[in-house]
Structure formats: C-alpha cells, structure tokens
Amino acid sequence: MTAATRTALRARIDAFTFHGESRPALRDVTLSVTPGSLTAVLGGSGSGKSTLGKLLAAWLRAGPAGEFRGSLELDGTRLDFHGAPDDPRINPAEWSRRVAFVPQDAASMLSTVRATVAEELAFGLELRATPRADMLRAVERTAARTGLSGLLDRDPATLSGGELRRLAVGCAVIAEPDMLILDEPMASLDAAGSARIEELIRGLCATGTGVVLLSQAADRLAGEAMHWTVLDAGTVTAAGVPAQLIGSAALEHAGVLVPGVLRPEAAAVPGQAPAPPAAPGPGPARLEPGLELRGVGFGYSQDQRRGTGPRQRVLRDVDLAVRPGEIIAVTGPNGAGKSTLLRHFNGLLRPTEGDVQVCGRSIAGVPVGTVAASVGLLFQHPRDQLFERTVLREAAFGLRQLFGKAEAEDRARAALAGVGLSAAAGAVHPAELSASQQRLLALATVLAREPAVLALDEPTVGLDRHGLERLGRAVEAAAARGTAVVMVTHDLSYARATAHRILELDGGCLREL
Amino acid sequence: MSQPALTVTDPGQAAGRGRRLLEIAGAASIAATYVFLVLTQPADIANGPASFSALVALGGFLLGAVLLIVAVLPVLPTSTLVLIPVALVLNVVLGQLMGSTGLPFYIDAIGTVLIGVLAGPAAGAATGALSSIVWSFFNPTVLPFAAGAALIGFLAGMAARIGLFRRFYLAPVAGFITGILAGVVSAPIAAFVFGGTSGLGTGAIVSAFRAMGDTLLAAITKQALISDPMDKGIVFTIAALLAYALPRRTTFQFPFVRRFRVLAGKAPSAPDA
Amino acid sequence: MTLRLHPFTALTAAACTAVITTAAASWPLSVAVGLASAVLAVRRGVAGRVLSAAAVILVPLFLSLLVLHGLFFPEGHTVLAAWGPARVTAEGLRFALELGTRTAACVLVFLLFSFTVSVPDLVSALSARRIPPQFGFVLASTLTLLPAVAGRLERIRQAQETRGMVIRGGLWSRAGALRLQMIPLVLALMDDAGSRAQALEARGFGSPGPRTSYRDVADPPAQRLFRAAAFVLAAAAVAARLVVSWPAGGPS
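Chains as they are written, first to last, in the numbering used here: chain Z, 1 to 513; chain B, 1 to 273; chain F, 1 to 252.
Watch out, some of these pointers could steer you wrong.
Claimed, not checked - Here are some chain Z residues the structure puts well away from chain F; computed CB gaps all over 10 Å: (1) D14; (2) A84; (3) G147; (4) A427.
As the list claims (entries may be wrong) - Across the chosen pairs, the derived CB separations fall in these ranges: (5) F:L40 to Z:A129: 37 to 47 Å; (6) Z:A144 to F:S118: 20 to 30 Å; (7) Z:R481 to B:P77: 51 to 61 Å.
No lab work stands behind these hints: they were computed from the structure.
This one's a predicted model, so the numbers in the text were calculated from it and none came from an experiment.
We put the beta carbon where it would ideally sit given N, CA and C, even for glycine.
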C-alpha cells in the first residue's frame with residue numbers, strides 16, 4: 001500500500017440516464033468526499049439518492065447500466081465519460097475495494113451461497129484470493145467491529161433486520177475501503193438497532209473512513225455530518241453545512257423528513273379539514289361498529305413458526321370496536337403481534353377463540369377475497385400487492401365487478417388523485433415508482449374500493465415528507481367518509497398526531513394508552 | 001504489490017475461439033449421439049433392456065451438455081449469471097403452480113425460455129442444461145434430459161434474436177417449432193433410459209402407438225410430437241407475457257435485448273452504446 | 001457418524017453405482033442397490049425424505065411402464081392374456097421390471113446423495129477444483145432461493161386476496177389468478193437478482209484469477225483412493241457393456 005494516501009472521491013455527473021428511459025435519473029450533480037468525514041446526501045423518495053450512491057461505488061456503471069456523461073475522480077485518478085463506446089470501463093471489484101456501498105435492502109448484499117455469517121464475510125476475500133490465515137483474522141476483526149462476533153456460525157437467512165444490516169456493512173468494510181456509502185442505513189430498524197448502526201458509523205469515521213450517508217430523514221446521524229447535499233428530482237438543489245440548510249425551503253421541497261418538525265403539520269393539512277384531526281372526538285355513536293373483535297385469541301401452532309415453543313399465544317381475549325369515521329392506532333414493541341392482529345381483520349388469520357365482525361356480520365368462513373370488499377388492508381411491502389402494467393390499471397383492478405365499467409375508471413382516477421399520483425396514471429409501470437409512491441399506490445388501490453374498514457400496517461415506514469402528508473390526507477378523507485381506520489405503527493408521535501385513540505398491544509392484550 | 005487498475009480494457013477475443021470450439025463440440029456431441037442412437041436402435045428390445053443404448057444416450061448427451069456449460073458459463077456476465085438461479089427456481093415453482101391448475105402439460109421451462117429471450121441463445125442453453133443438473137438434486141430422472149433443455153433455451157434465444165417475440169402471436173409459433181425439435185431429441189432418453197414416459201397420460205399415447213406396432217423409439221417420438229409442441233407453445237407464450245409485464249428499466253438492462261430489439265415498443269431514445 | 005465423507009467421495013460413489021447398475025442391466029442387482037440405498041438412508045436418518053421424494057417420482061413411472069409394456073409389447077411372444085389389441089406378454093412384463101428397478105435404483109442412490117451431502121461443503125469442494133466457480137454459485141444460490149420463493153409466493157397470494165382476488169374453480173379464472181401471482185414474483189426476483197449482480201461484482205465475483213476458500217473440507221487420502229477405484233470399476237463396467245453389445249446395428 002502506498003504511504004500517506006489522501007484518498008478523495010470527487011464526482012461530477014452531468015447526466016446519467018438508464019437504458020430504455022428518456023429522462024436522466026441524475027443531472028448536474030457534484031459531490032466530493034474527504035477521508036474521515038461524514039457527508040450526508042438528503043432527498044425524498046425517488047430523488048435519485050440510491051442511483052447516485054451506486055454510481056459513485058461503481059454498482060451502476062457507464063455502459064452496462066446506462067448512459068453517463070461526467071467524471072469520477074478517485075485518489076487522483078480521473079475518469080471522464082462522454083457517453084461514447086470508448087469511455088473508460090471501471091473495474092467494479094477494484095473500485096469497490098476502495099469505495100464500498102451498502103444498499104438499503106441489506107439482503108441484496110449477500111451472496112446467497114454462503115451458509116454462515118463468517119463465510120459470508122469472507123466471501124469477498126475468497127474472491128480476491130486472500131490467504132486463509134489472513135482471512136480468518138480479517139473475519140474476526142470485522143465481526144468484532146460490527147458486533148457480529150456472537151453470530152459467526154448463524155445462517156445469514158435467520159438474522160434479524162438489524163443484524164442483517166450490520167452483516168452487510170461488515171461485508172463492505174472487510175476489504176478496508178477508504179470510502180463507505182450507506183443507503184438508508186436506519187430504514188425499518190427499531191431504536192436499539194439504529195443506535196448500534198450509528199455507533200458503527202461513528203467508529204468508521206474515527207478510523208479515517210470517509211462515509212457518505214444517503215437518507216430521506218435529517219436524523220441525528222445526518223445532523224453530525226460536516227456537509228449536506230440536498231437532492232431533489234435527480235439534481236442538487238442545495239448544498240452546505242447542516243446549520244445553513246436546516247429549515248431551508250430546498251430541504252422542505254425535497255421531501256426530507258426532519259424529525260420533530262413536521263409531524264403536526266402532516267396531520268393539519270390546509271384546504272380540507274372536515275374531520276376533527278387530533279382531537280379524540282366521540283364520533284357518531286348511532287352507528288354499529290365498522291369493525292368489532294370479541295374475545296379474540298390466537299396462537300401460531302408449533303409447525304408454522306419453528307422454535308417458538310408449544311403453541312405460543314400471540315393474542316388473548318382481545319376486544320376492539322372501531323366506529324365508522326374513527327381512527328385508531330395500535331402500538332407496541334417489535335414482535336408483540338401487531339401485524340398478527342391486523343391479519344385477523346380480513347380473515348388472513350382466523351382466531352382460535354372469539355369472533356371478528358365487519359359491519360355487524362361475522363366473517364368466520366367468508367373467503368378473504370370476499371371480505372376484501374369491505375376491509376382494505378395495506379401491507380408493509382407494497383411490492384407484493386402490485387401486479388398490473390400501469391398505475392391506472394392497478395388502481396382499477398377488480399373495480400369493474402363492484403361498480404361497473406364506467407364508474408370503475410372514475411373511481412380509480414379519483415383514488416389516484418387522492419394520493420397525488422394522477423400524473424403517473426396512464427404511462428408508468430408501478431415497479432418504476434419510488435418506494436414512497438408504491439406505498440401510496442397500494443393505498444389508492446385499497447381506497448378505490450371505499451372499504452368500510454381500512455387497516456394499515458406500519459404505513460409510515462419508508463415514506464418521505466410528501467408521502468406522509470399525502471398519507472395523512474388520504475386517511476383523514478377516508479375517515480371523513482365514514483371509514484373505520486386501524487393503523488399499526490411503532491411511531492408513537494405519528495400515532496398521537498393522527499389517531500383519535502391509541503391502544504397498546506402488550507403480552508397479547510390491548511389496552512388504552 | 002502493485003495496485004490493480006481501476007479500469008479494465010476491452011475483453012480480448014483470444015479466448016473466444018477456444019470457447020466457440022467447445023460449444024461446437026458440445027452441440028456436435030448431442031447431434032452425433034442422436035443420429036447414432038436412431039441408426040443403431042435395437043431391432044428387438046425383447047432381448048433385454050437397452051443398456052447399451054442407455055449408456056450411449058446418457059454419455060453422449062451429458063457430455064454435450066457439460067461441454068456447453070463449460071464453454072458458456074465462465075464468460076457470462078454476472079448480471080446474467082445471477083438470473084440463472086432465478087430461472088431454475090421459476091422452472092420449478094411455476095411448473096408446480098401450473099401443475100396445480102390441472103392443465104395436462106409439464107410447463108417446466110418458463111425460466112429457461114425467459115433467460116433465452118432476455119440474455120441470448122448461449123445463456124439460454126447454459127440455463128437449460130444447468131436447470132436439469134440442479135433439479136436432479138431433487139429428481140434425478142431429469143438429469144438425462146439436460147441436452148434437450150439446453151436446446152430449448154438455445155432456440156428460445158434464437159427466436160428472440162430474429163424478432164419472433166416482437167409480435168405476440170409469433171411467440172407460440174416459435175415455441176411450437178422448439179417443441180418439435182426438443183421432443184425429437186429427448187425421445188431416445190425416454191425410450192432407452194426410462195423405457196417410457198413418467199406420466200400416465202403420455203404413457204397412454206405411447207401405448208396407442210405401440211398397439212399399432214411401432215418400435216418403442218418411434219412411439220415415444222410420435223408421442224413427443226403430439227405433446228411437446230403444445231407444451232412449449234404455452235411456455236413461450238407465458239414467457240412472452242412475463243417479458244412484456246416487466247418494466248422497461250429491467251428488460252433494457254440486457255445488452256441482448258437492446259442490440260437485437262427483442263421486444264416490441266419504441267427503441268430507447270438514447271443511441272445504443 | 002464418525003466417518004465424514006468428502007462430498008466428491010459421496011458423489012463418485014453415487015454416480016459410479018448408478019453407472020454400474022445401468023451397465024449391468026440385471027434386475028436382481030438393481031433391486032439390491034435400491035434396497036442398500038434405502039437401508040443407508042434409514043441409518044443416516046433421511047429415510048422419510050428420500051423415500052417420499054422417490055415415491056413421487058417412481059410411482060407414476062412404474063404405473064406408466066406397467067400399462068405401456070404390460071399391455072402393449074408387440075415384440076413379445078409369450079402371450080399370457082389378451083383383450084382385443086392389448087396383450088399381456090412375459091417379455092413385456094420382464095422389460096417393465098428391468099427398466100423400473102434400474103430407474104428406481106439410480107433414483108434412490110442419487111437422492112441418498114443429495115439428501116445427505118452438505119451443500120456448503122460441496123460448493124467449497126467444487127470451487128477448490130478447476131470447476132468454474134459459477135457452477136457452484138448457481139447450485140448453492142438455487143438451493144437458497146427455493147425455500148425463500150415459496151415463502152414469498154405465499155405473501156403475494158395473501159396480499160392479492162386482500163385486494164379482492166377470489167380464486168374460483170374455472171380454468172380461465174385460475175390461469176388469470178396465476179398470471180397475477182407470477183408477475184410480482186418474477187419482478188421481485190429479477191429486481192433482487194439485479195442488485196445481487198451489482199453486489200457480487202463489487203465483491204470481486206466477476207474478476208478472473210485464483211480464489212481461496214474459508215471453509216476447510218478434509219479430503220483424506222483413503223477417500224481419494226476409493227474414488228479412483230470407483231472410477232476404474234465404472235469405466236470397466238461401461239467398457240464391458242459396450243464390447244458385449246456393440247454390434248447393435250449388425251448381427252444381434
């Protein structure tokens with residue numbers, strides 16, 4: 001290794017366009033990273049953060065991935081790209097040894113061919129023909145650094161979300177890169193998991209690694225960064241030190257979440273405020289409950305979930321009544337059974353004791369697909385719920401049988417307008433939407449059926465500021481129409497801002513908070 | 001130790017000729033085995049199970065499949081290589097799903113055809129052969145059919161290359177022709193290695209031809225000519241449906257799709273690099 | 001379980017047994033090989049899985065062979081019974097027995113191998129030889145993805161039922177539902193594969209050159225010797241069969 005290297009990464013992206021697309025995903029972006037520093041790239045969902053990160057780390061390369069005009073400079077070596085066939089071709093293995101990238105979906109970092117955490121860590125070293133003795137030492141060192149020492153013999157497929165993310169970071173840093181680019185490292189982690197990642201990143205910075213954080217939230221870690229770059233619709237709209245940018249219009253327009261700043265605003269949307277927002281109003285007491293659970297108990301049998309002991313009780317004697325127009329939030333620690341509770345509302349899971357009633361009728365024995373006409377459920381992973389070729393067809397799916405041909409399209413368009421996706425309706429493939437928009441599209445498909453009950457599983461996860469606002473608006477509008485809303489969330493502040501009542505699920509029982 | 005370069009030069013064509021020879025040798029091995037088997041098929045199988053023909057069929061076809069894999073696999077780009085496990089899983093899972101609908105077909109090559117369409121004939125052939133080898137982990141009887149599976153993947157790639165997937169109605173036609181060829185090539189395996197077919201429905205068709213006095217190989221070949229073209233027609237149609245349901249960003253990342261304009265629709269606005 | 005077989009030893013044993021059984025073409029040997037595999041499966045504690053997997057494959061094959069050769073065997077001379085065009089002949093039954101037992105023996109031997117081998121060891125052993133590392137990747141990755149895909153398919157089905165999909169009895173309705181399940185599955189798998197390709201390249205997968213292995217798979221000399229002997233034996237069996245029945249087209 002050369003002595004006294006002052007590796008710096010500089011990138012100038014005039015335009016980067018994916019093959020088969022006409023609009024560049026990134027244009028006019030410049031970024032430079034110095035060793036040992038923390039840099040944050042902030043932007044909403046679909047702003048091009050991930051594309052930028054992958055381009056910097058040679059995960060996306062000119063030629064195979066798309067057309068790139070601009071330059072990349074690493075450690076004094078400058079590569080210029082003109083979108084021509086004779087452009088330099090980056091050697092991904094060598095580039096990534098110096099500039100490593102950890103994707104948002106940590107699982108996609110894994111090779112899927114290694115049986116233990118230790119072997120997964122060593123995979124990259126094996127491919128570089130590292131002698132076995134060195135490999136053993138490097139694995140031990142990296143495991144200690146990432147807090148994986150106790151998990152080295154585990155199968156990577158059995159790790160929790162936080163452990164998986166640490167393994168992905170470990171796989172990236174085992175080759176001792178000069179730069180590390182992390183895409184949403186805190187996404188869908190609980191507080192404890194986030195804290196460990198934060199600690200790990202601080203440690204890396206302290207030992208001289210230049211860290212680039214790609215995030216849609218200006219959270220605690222981003223606050224420690226020396227430099228912020230705000231990315232909006234594929235281009236840089238602001239750059240500077242955090243103190244200058246916090247509260248700036250550019251940050252707000254980009255849809256970046258600033259914790260503690262915008263939550264009340266998301267609920268109090270100007271323009272339409274028919275329902276009393278945060279006030280836990282009594283609601284129309286005349287009506288029967290939209291959704292009622294009576295003494296519901298449930299346990300997974302042993303063979304369905306291995307290793308949980310003999311038929312573990314997840315729910316016991318749960319009573320719940322949600323009136324039309326009422327918004328209820330259910331919170332609780334990870335693994336308390338919140339999602340399990342939600343799956344009882346439309347019959348995906350059937351209670352072992354008690355009864356679930358929708359609009360006064362028991363759903364016992366009614367197929368899920370039929371209950372779906374009156375119960376809309378939004379899952380955590382919208383991708384599984386989407387399957388059509390265009391956004392409009394997606395929202396109109398199944399409406400024709402319910403409302404007739406003419407009305408189906410009107411309703412679909414209205415639902416899309418309600419979540420701000422009108423512009424994408426006809427031409428866009430659902431898979432090409434940003435994660436935030438996919439969630440909103442899934443919400444629109446549910447709302448278009450005007451269900452009596454709306455159940456949302458962790459609706460805020462992964463949404464940027466615009467997404468949160470639209471979600472809040474759509475949920476309120478649904479409640480104003482008389483929909484009974486139940487949302488499961490670990491985000492207590494969001495629950496306080498939107499729900500009329502908050503319940504906590506703990507030890508299988510529900511209680512008012 | 002000198003630092004490796006951050007960039008790579010254009011891959012040289014020197015190794016290309018060796019690989020091409022291996023490919024040709026693999027294809028020749030399969031073709032020669034087939035011709036040999038047809039010419040020397042036992043006149044009277046009543047003398048005993050056709051062990052000789054079975055060994056020749058197994059040896060020749062497996063050698064061909066392995067040569068093809070050895071020729072193609074090391075030069076496949078990683079983006080195609082990672083799709084092969086996906087294709088294998090799709091072959092298995094979609095095959096089972098189709099089985100659950102009660103349709104009288106095996107539909108076990110959807111993933112192979114999809115790879116052929118997206119990544120070209122060579123990748124398709126490797127996927128087909130590997131599919132049989134990996135699947136034989138759970139069902140050893142598919143192993144001898146590796147050559148036929150490679151042929152299906154190869155022909156799917158060729159069909160895509162000459163533009164048969166640009167028109168939706170041409171895809172089943174391409175599948176039909178592929179089915180004829182693949183069925184004929186696979187028939188000696190069914191006849192000499194297994195002595196029949198693994199399904200009762202197909203078995204009944206073979207029985208009918210046998211009742212008319214055909215030799216076993218002829219009867220199984222005729223049966224294959226009845227069921228395989230239909231089956232592959234369906235498989236190609238499903239693969240076309242899937243290819244068009246995928247977003248353009250996904251399909252256009254394949255140089256093969258861009259270069260030969262495999263799928264209908266306007267070409268990307270940016271000129272192909 | 002004191003004797004730990006190198007994956008190649010087990011593979012060689014299985015392949016050579018299958019080849020010799022095929023070459024020998026004698027149903028008593030086939031039955032003996034099948035029984036021996038079953039006994040070994042019981043001793044290794046995988047009998048349930050091996051036998052059920054084998055049954056799924058072999059029962060339809062047996063029935064098909066029995067109907068095919070048992071009833072229609074134009075080459076047969078010794079007619080035991082006849083109904084119209086169908087004739088039960090001794091030669092046909094014997095042919096069905098020979099082929100059925102031979103296939104059964106080979107299937108059992110290979111299933112015994114695949115249900116007892118440690119896949120990580122096998123992949124590691126493959127990459128230590130001059131076998132393209134891509135082959136090991138395809139094998140291991142497929143075996144990892146298969147169970148994951150089953151879980152994913154279940155999630156997709158649940159999500160779609162939640163959106164009001166009712167799967168009715170009709171063939172078209174079921175085929176339509178199937179299309180809707182396949183699209184998100186294929187899309188998600190291809191998406192994941194795309195990012196996995198990028199991650200693998202970044203970790204050095206695409207680059208040529210030597211590789212090392214973290215996992216250490218012991219390969220005692222005795223097992224190497226065994227493998228060599230098995231190869232010779234199998235080759236001899238094949239050669240013998242080829243010599244004995246070569247003039248297939250000539251005087252038989």
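Contradicted hints - numbers only: Structure breaks no hint.
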